[in-house]
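For the protein sequence lines, the chains are F and R, in the order given.
The opening position of the first sequence corresponds to residue 2 in my numbering, with each subsequent residue numbered one higher.
The opening position of the second sequence corresponds to residue 9 in my numbering, with each subsequent residue numbered one higher.
Please keep in mind that the hints were generated in silico from the structure rather than gathered at the bench.
Cβ coordinates follow ideal geometry from the N, Cα and C atoms, glycine included.
Where hints are given, some of them may not hold.
Unchecked claim - Computed beta-carbon distance windows for the label pairs:
1. F:R135 x R:R35: 27 to 37 Å
2. R:T173 x F:D11: 23 to 33 Å
3. F:E142 x R:R154: 34 to 44 Å
4. R:R154 x F:E26: 21 to 31 Å
5. R:T233 x F:S89: 29 to 39 Å
As the list claims (entries may be wrong) - Examples of chain F residues lying across from chain R (beta carbon under 7 Å, computed):
6. F72
7. P74
8. D93
9. V136
10. S144
11. L145
12. R148
13. A154
14. F155
What the hints assert, rightly or not - So these bits of chain R aren't anywhere near chain F, every CB distance computed over 12 Å:
15. G74
16. A121
17. A124
18. D144
19. P165
20. R192
21. T224
22. G245
23. A248
24. A250
25. T264
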Amino acid sequence: MVDSNSSIADVPDRELVRRMSQGDEAAVGLLYDRHGAVLYQLAHRIVGQRADAEEVVMDTFAQAWRDAPRFEPERGSVGAWLTMIARSRALDLVRARDRRERAAASAAQETASLPERPPADPAGAVELAERRRRVELALGELSLAQRTAIELAFYEGLSQSEIADRLDEPLGTIKTRIRLGMQKLREALGPYRHERGA
Amino acid sequence: MSKVDPSSIPLLAAVHALGALDPAEARGFERLLASSEEARRILVEYREVAALLAHGAPSTDAPDPGLRSRVLERVARTKVVRLTDGALPGSHATARGIRWALAAAVVVAAGLAGYAATLHRRLESLGAQLAELRADSTALAERVARHEATLDAVLDPGVELHRLTSPTSPAPGIQLFLDRRRHRALLHAFNLPPAPVGRSYQLWFIRDGIPVPSVTFNPGSGGSTVVGQIVVPEGRGLSAAAVTEEPETGSLAPTTPILLVSKLAP
Chain F
2 MVDSNSSIAD
12 VPDRELVRRM
22 SQGDEAAVGL
32 LYDRHGAVLY
42 QLAHRIVGQR
52 ADAEEVVMDT
62 FAQAWRDAPR
72 FEPERGSVGA
82 WLTMIARSRA
92 LDLVRARDRR
102 ERAAASAAQE
112 TASLPERPPA
122 DPAGAVELAE
132 RRRRVELALG
142 ELSLAQRTAI
152 ELAFYEGLSQ
162 SEIADRLDEP
172 LGTIKTRIRL
182 GMQKLREALG
192 PYRHERGA
Chain R
9 MSKVDPSSIP
19 LLAAVHALGA
29 LDPAEARGFE
39 RLLASSEEAR
49 RILVEYREVA
59 ALLAHGAPST
69 DAPDPGLRSR
79 VLERVARTKV
89 VRLTDGALPG
99 SHATARGIRW
109 ALAAAVVVAA
119 GLAGYAATLH
129 RRLESLGAQL
139 AELRADSTAL
149 AERVARHEAT
159 LDAVLDPGVE
169 LHRLTSPTSP
179 APGIQLFLDR
189 RRHRALLHAF
199 NLPPAPVGRS
209 YQLWFIRDGI
219 PVPSVTFNPG
229 SGGSTVVGQI
239 VVPEGRGLSA
249 AAVTEEPETG
259 SLAPTTPILL
269 VSKLAP
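Full structure from sequences and hints, please.
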């Protein structure tokens, strides 16, 4: 089990995943404390509803729990792994459900009813805020066209051909926008690994 | 598949990290990954970048304080089913479904084992194919994981098995494994003729007498398919499930007569 006396920041993400693979449920809680908020924001951005976003987060950690023995650190960080699981689950949910109900949901109403909660891990919250600032800065360096193409792919799960159709642009143009945009992001964010305690 | 131009690796990796390659390109790039360490390295970098985009999502609200405990409850309830497990949970109502799932899993496992053995022999004689074999092994593990997830979905004691049958022909059918507690379902279609070009089958849940659209699907070459993680509408008025033929992208309301139907009495 995770030693509650040791500093959370001392335990690398991948060590938590290793402990998960051995059946340590407490490790899931620590991983949630580090990544749960970002995964929830991502899920909310994709599914648009609070209840569905929470369902996505629960599905994400349940899948991570099942797949922990197969996690391969050389294929990327734990944060990236969890993010891609959450994105995939969220896109699956959006594709499966009634789009009319989604459109009817009022994000404003939901937001107004939400209680604000102080972060459980102040150091983690600071790191999270800094990471968000860096990402927003990097996204701000992209042209609107590049950002749009990348966001359609990431948040809506569209292929480059579907993006070309959606924007009524040549496929080659979309490929170029995605490549140049991702290249800029890689230069700006590449060294900023998506992992705690690595 | 034509050989991938090495200069295009960064482009392909960038788009693949976003999941935006078209299917044929994605398959070609996956094959390249098996043999190119550089491609794998670049893809990992772009995956990290893509994942960081999650931090660019608008900050709308904080997760509910109770979500953490619900995540842990979900994890505690998540069984990790192994194919070698002995005793099986379940009721008489799900027994046939369980047998089907186990039989399918055994057949798949046997097939995977045979495939792995073949690959192993090739590995001994063709050292250059080592990287490709590793990629294949990963894919096999992912397939086994998917089958384990399928078993998870049908083995839970609370899961109900419903059969959707045709009013006119007994041949095609659908097994619907319904988990009311988690609002999830898994669909197994069999003996289903291919839908016409540009058309798909679509599942509907009938709630309070109104059809609620669900997933679209098409059978494979053998007339069967399995669709998991289907979201089931919440509410007590769930009375039936039905299947119609619709445009490929699905419809918001049925546009053709019901082909298969089953009551969903709890």
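Checked against the structure, which of the hints given earlier come out wrong?
As far as the earlier hints go, 2, 5, 6, 7, 10, 11, 12, 15, 20 and 21 are violated by this structure, in ascending order.
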